Amino acid sequence: MKLAYWPGCVSRGFTPELHGSVEKVAPLLDLELVELDRANCCGAGVIAEHNQELVDTLNARTFAMAQSVDGAAGMMNICSTCQGAQSECQERLDASGDYRRHINTHLKGEGLAYERDADWWNKNLLWLLVEEIGLDALRERVVRPLDGLRIAPFYGCYIVRPTKRLGYADHPERDLYLDQLIAALGAEPVQYAGARKCCGFPVITMNRTTSLRQAGRHLADAIDAGADCLVTPCPLCHLNLDMQQPAAAKFVERDLDVPVLHLPQMVGLALGLEPKELGMGKHVVSTKPVVRRLQETPAAA
Amino acid sequence: MAETFTLKVRRFDPESGQAAYWRDYGVELDPERSVLDGILQIKDREDASLAIRCSCRAAICGSCGVRINGKSSLACNTRISDAAANARDGAIVVEPMGNMPVIKDLIVDMDAVHWKKVQRVVPWLLPEGEPPEREYIVPAEAMIDVTQSMACIHCGACVSACLSLEVDPDFIGPAALAKAYRFVGDPRDGATEQRLNDLAEDPHGIYDCTHCFACIEVCPKDVAPMSQIMRLRRRATGDYEIKDRNNGFGHEKAFTELIEKYGTLHEAQLVPRSFGDGSLIKGQTEPGAVKQLLESAPTALRGLRSGKVTPKKALIHPKLPDQDQVRRIFKEIDSKDERLELNLYIVGEGGGEEEGAAAEGGEER
Numbered sequence: 001m002k003l004a005y006w007p008g009c010v011s012r013g014f015t016p017e018l019h020g021s022v023e024k025v026a027p028l029l030d031l032e033l034v035e036l037d038r039a040n041c042c043g044a045g046v047i048a049e050h051n052q053e054l055v056d057t058l059n060a061r062t063f064a065m066a067q068s069v070d071g072a073a074g075m076m077n078i079c080s081t082c083q084g085a086q087s088e089c090q091e092r093l094d095a096s097g098d099y100r101r102h103i104n105t106h107l108k109g110e111g112l113a114y115e116r117d118a119d120w121w122n123k124n125l126l127w128l129l130v131e132e133i134g135l136d137a138l139r140e141r142v143v144r145p146l147d148g149l150r151i152a153p154f155y156g157c158y159i160v161r162p163t164k165r166l167g168y169a170d171h172p173e174r175d176l177y178l179d180q181l182i183a184a185l186g187a188e189p190v191q192y193a194g195a196r197k198c199c200g201f202p203v204i205t206m207n208r209t210t211s212l213r214q215a216g217r218h219l220a221d222a223i224d225a226g227a228d229c230l231v232t233p234c235p236l237c238h239l240n241l242d243m244q245q246p247a248a249a250k251f252v253e254r255d256l257d258v259p260v261l262h263l264p265q266m267v268g269l270a271l272g273l274e275p276k277e278l279g280m281g282k283h284v285v286s287t288k289p290v291v292r293r294l295q296e297t298p299a300a301a
Numbered sequence: 001m002a003e004t005f006t007l008k009v010r011r012f013d014p015e016s017g018q019a020a021y022w023r024d025y026g027v028e029l030d031p032e033r034s035v036l037d038g039i040l041q042i043k044d045r046e047d048a049s050l051a052i053r054c055s056c057r058a059a060i061c062g063s064c065g066v067r068i069n070g071k072s073s074l075a076c077n078t079r080i081s082d083a084a085a086n087a088r089d090g091a092i093v094v095e096p097m098g099n100m101p102v103i104k105d106l107i108v109d110m111d112a113v114h115w116k117k118v119q120r121v122v123p124w125l126l127p128e129g130e131p132p133e134r135e136y137i138v139p140a141e142a143m144i145d146v147t148q149s150m151a152c153i154h155c156g157a158c159v160s161a162c163l164s165l166e167v168d169p170d171f172i173g174p175a176a177l178a179k180a181y182r183f184v185g186d187p188r189d190g191a192t193e194q195r196l197n198d199l200a201e202d203p204h205g206i207y208d209c210t211h212c213f214a215c216i217e218v219c220p221k222d223v224a225p226m227s228q229i230m231r232l233r234r235r236a237t238g239d240y241e242i243k244d245r246n247n248g249f250g251h252e253k254a255f256t257e258l259i260e261k262y263g264t265l266h267e268a269q270l271v272p273r274s275f276g277d278g279s280l281i282k283g284q285t286e287p288g289a290v291k292q293l294l295e296s297a298p299t300a301l302r303g304l305r306s307g308k309v310t311p312k313k314a315l316i317h318p319k320l321p322d323q324d325q326v327r328r329i330f331k332e333i334d335s336k337d338e339r340l341e342l343n344l345y346i347v348g349e350g351g352g353e354e355e356g357a358a359a360e361g362g363e364e365r
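Protein sequences appear in the order of chains D and R. With the first letter of the first sequence counted as 1, position 74 gets the number 74 in this note's numbering; the numbers rise by one all the way through. With the first letter of the second sequence counted as 1, position 126 gets the number 126 in this note's numbering; the numbers rise by one all the way through.
No lab work stands behind these hints, which were simulated from the structure alone. There's no promise every hint is true.
As the list claims (entries may be wrong) - With the C-beta cut set under 7 Å, the calculated list includes, among others, these residues of chain D facing chain R: (1) Arg-38; (2) Glu-53; (3) His-106; (4) Gly-186; (5) Lys-197; (6) Arg-213; (7) Met-243; (8) Val-284; (9) Ser-286.
Said to hold, decoys possible - Keeping only pairs whose Cα atoms sit at most 27 Å apart, straight-line, the calculated DSS-like set for lysine-lysine is: (10) Lys-164(D) - Lys-221(R); (11) Lys-331(R) - Lys-291(R); (12) Lys-108(D) - Lys-261(R); (13) Lys-261(R) - Lys-282(R); (14) Lys-288(D) - Lys-276(D); (15) Lys-108(D) - Lys-331(R); (16) Lys-319(R) - Lys-282(D); (17) Lys-221(R) - Lys-288(D); (18) Lys-291(R) - Lys-336(R); (19) Lys-276(D) - Lys-313(R); (20) Lys-116(R) - Lys-8(R); (21) Lys-250(D) - Lys-291(R); (22) Lys-276(D) - Lys-261(R); (23) Lys-116(R) - Lys-164(D); (24) Lys-8(R) - Lys-104(R); (25) Lys-108(D) - Lys-319(R); (26) Lys-243(R) - Lys-261(R); (27) Lys-336(R) - Lys-319(R); (28) Lys-282(D) - Lys-250(D); (29) Lys-336(R) - Lys-108(D); (30) Lys-71(R) - Lys-104(R); (31) Lys-24(D) - Lys-104(R); (32) Lys-24(D) - Lys-250(D); (33) Lys-336(R) - Lys-243(R); (34) Lys-313(R) - Lys-24(D); (35) Lys-24(D) - Lys-116(R); (36) Lys-24(D) - Lys-2(D); (37) Lys-282(D) - Lys-313(R); (38) Lys-319(R) - Lys-291(R); (39) Lys-221(R) - Lys-71(R); (40) Lys-282(D) - Lys-243(R).
A quick note: this is a predicted structure, and the numbers were derived from the prediction, not measured. The beta carbon of each residue, even a glycine, is placed where N, CA and C say it ideally should be.
I would like the entire structure built from these sequences, with the hints used as guidance.
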């Protein structure tokens, strides 16, 4: 499957292991990724807060570039925040022809235009895995089942709310996909309170206490529910849950020390890739316990 | 035709001296009826002591806010068959709203939290100058912007669902901030800047919202409180340039300027610039910024040590190949005096589509 691929900013910035692991996993899933290397930041909610016309234009530009990739089935993103921020703009662009035409006038200079098309989509890797590849097809490709691992899903707000904007009417189980995927790969999904709550990242520079109390509380809940690690499709959540974890521990006054995987790292492990290829050494909280757990349970295949 | 449904209700009476407990009740109802109808049937037929607040039964009075299967909702506005379809173990779970103390069973103390916070934002008009001889005349267009925030029925569902309130009970919260926008956006109000200053400077004000969409998801009246908070931020930073102590201004300015310059986010610069006034040199050398920089230094060091962040990456960020186009877009739009906003609450789905609607086969999404 050929896809227009929008990696986002953070996956190439502070979580380079995310972009790297997607590039390793994609060929194993027969995904041909055409990277949108001229596309701009989605605005992450901040530009939307600053100026709506501006953020809608910036994302219309990205969509237009994706639509002009020949033979692409659609556009793929690898960040819950990109998904939510872009879906918000797409909702407005699709709702009004007048508005869309106006936004497109800003893109004329580059010869670009975003066209409303019911068959065109922009999907996070998580949605793509379940809806376009399918859990059964994925199961068949697993060479190293993640048996014995207890993994706590952490979805990221932007991919679960608001349901009306994010296509839940057509895909009502999108807020269960991460659980289903964990199970499909042979691991056990951990049920805990924080799975669909906020990691706190958006206010890390504005209210450190609120931000790290949120991250700390969800990590603690996952640990208490018996999780060996967490997994998230959002690199911004990853920053608060992994990079800030030692700081978050202070705000909830307890030890945390639980590894947090990126979604494609978890998939890659099950597809037989080595932890090093997946950049698992580039985490703040060591991922070694996860690797050790997997080695303790030898692959059945 | 009546069907049987099971309601699992959280019971609690502080005066009994007993802990809270769950009890299952069977009700017989038409699937079209509401969860509130179910609760009222329990009161009527099985246990009159079950406490709930309710009045209009038509999603107007906002009294019967509860959590149904974990989601904050109006009991009268939730069809019992829909709730049953979403129930995990067959039983519809009904519990009191969150983030507020329980008075009894399904009744929470709205005064202690919700109404106190609404009072906090001075929820009345503060007009400027001498009152006019007759009524205040406002052009209809000028009120469009605040219509959405006026739809609030004070049910407290957003307060119950708010994920910031969960960790910071002092957060002013979604309902009260939406109410604040109702007056900030009102052209008759004379205290706009004062109000914005107050809400921007409060550590538990507009910059304490983590942008989690929980309030938007649960509001039965589509008030979209988080969107109103974003409007407050837009007014505070864009119109009044309020340089608040919470870095709200600095963060927005640094973020947008970095995208204007590079096209993608230069994270290593975003953090230090956010701590000041958003600018590169001055912002980072202000005393407050330096203190916060030191606080976040361990995190930066951890990033370097893990190999995620290299010194080169921290210093040099590449521009996009067509960055001049991104810059042109910024200039075209940001330099205009008026901001163009498409408010879907007013426009509605498919509004303004004209000839496009027919050609594209309708606008329902």
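Proposed proximity, Lys-291(R) with Lys-250(D) (alpha carbon, max 27 Å) | Holds - the C-alpha atoms of Lys-291(R) and Lys-250(D) are around 18 Å apart, at most 27 Å.
Agreement of Lys-282(D) and Lys-313(R) with the hint, judged by alpha carbon distance not exceeding 27 Å = holds (15 Å)
Are the Cα atoms of Lys-336(R) and Lys-108(D) separated by 27 Å or less?
-> holds (18 Å)
Sort out whether Lys-2(D) lies within 27 Å of Lys-24(D), counting only the CA atoms.
-> holds (16 Å)
Taking 27 Å as the top limit, are the C-alpha atoms of Lys-336(R) and Lys-319(R) close enough?
-> holds (25 Å)
Straight-line Cα separation of Lys-288(D) and Lys-276(D) no greater than 27 Å?
-> At roughly 11 Å apart (the allowed maximum being 27 Å), Lys-276(D) and Lys-288(D) satisfy the hint.
Does the structure keep Lys-331(R) and Lys-291(R) at a Cα separation of 27 Å or less?
-> Outside the cut-off at roughly 34 Å; violated.
Given the hint that Lys-276(D) pairs with Lys-261(R), test it: the Cα-Cα distance must not exceed 27 Å.
-> Not OK: Lys-276(D) and Lys-261(R) at ~34 Å, beyond 27 Å, violated.
Are the Cα atoms of Lys-71(R) and Lys-104(R) separated by 27 Å or less?
-> holds (19 Å)
Within 27 Å, alpha carbon to alpha carbon, are Lys-291(R) and Lys-336(R)?
-> Distance of about 36 Å is beyond 27 Å: violated.
Please work out if Lys-243(R) and Lys-261(R) have their alpha carbons no farther apart than 27 Å.
-> Roughly 22 Å between the alpha carbons, so the hint for Lys-243(R) and Lys-261(R) holds.
Mind checking the alpha carbons of Lys-108(D) and Lys-331(R) for me, to see if they're no more than 27 Å apart?
-> The given pair, whose Cα atoms are some 15 Å apart, holds under the 27 Å limit.
Hint violations for this structure: numbers 4, 9, 11, 17, 18, 20, 22, 23, 31, 32, 35, 38 and 40, all remaining hints satisfied.
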